[in-house]
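Peer 1: Sequence:
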Amino acid sequence: NWLASPPLVVAYALAGSMKIDLTKEPLGEGNDGQPVYLKDIWPSSQDIAQAVEEVHTEMFHKEYGEVFDGDANWQAIQVTGSATYQWQEDSTYIRHPPFF
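Count the sequence shown with my numbering and you get residues 3 to 102, in order.
Keep in mind that a hint or two might mislead.
Claimed, not checked - Straight line, CA to CA, 16 Å or less: simulated EDC-like cross-link-like pairs of lysine to aspartate or glutamate: (1) 41 x 56; (2) 41 x 31; (3) 41 x 27; (4) 26 x 42.
As the list claims (entries may be wrong) - Here are the in silico distance ranges between beta carbons for each label pair: (5) 10 x 97: 42 to 52 Å; (6) 75 x 96: 16 to 26 Å; (7) 54 x 10: 49 to 59 Å; (8) 97 x 39: 44 to 54 Å; (9) 36 x 8: 20 to 30 Å; (10) 37 x 89: 15 to 25 Å.
Keep in mind that the hints were calculated from the coordinates and are not lab data. All C-beta atoms, glycine included, are put in the ideal place defined by N, C-alpha and C.
All chains, full assembly: derive it from the sequences and hints.
Peer 2: Shown next, in the form of structure tokens:
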């Protein structure tokens with residue numbers, strides 16, 4: 003198992019392998035047949051600063067203010083009110099583990 007920053011996960015996925023030196027080897031080839039390196043797709047400090055400037059607190063309040071309310075489908079789900087999951091003993095997908 004490996005832990006990596008999300009951008010590096012994407013870079014390794016584009017390369018198709020983790021057995022690559024991202025500082026020296028190309029991730030692949032562009033449409034023009036030329037090699038594409040991590041440095042070619044990695045955002046500059048200026049790009050990051052610009053993106054940060056465009057993010058405002060109000061955006062999060064708007065998008066996540068009612069995140070736990072859900073839509074009509076979410077609200078229609080029947081729940082037991084229990085604090086724990088009600089295991090369906092005959093389920094072939096999710097079963098209560100025998101070691102708990």
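Peer 1: Checked against the structure, which of the hints given earlier come out wrong?
Peer 2: When the structure is compared with the hints, numbers 1, 5, 7 and 10 turn out to be violated.
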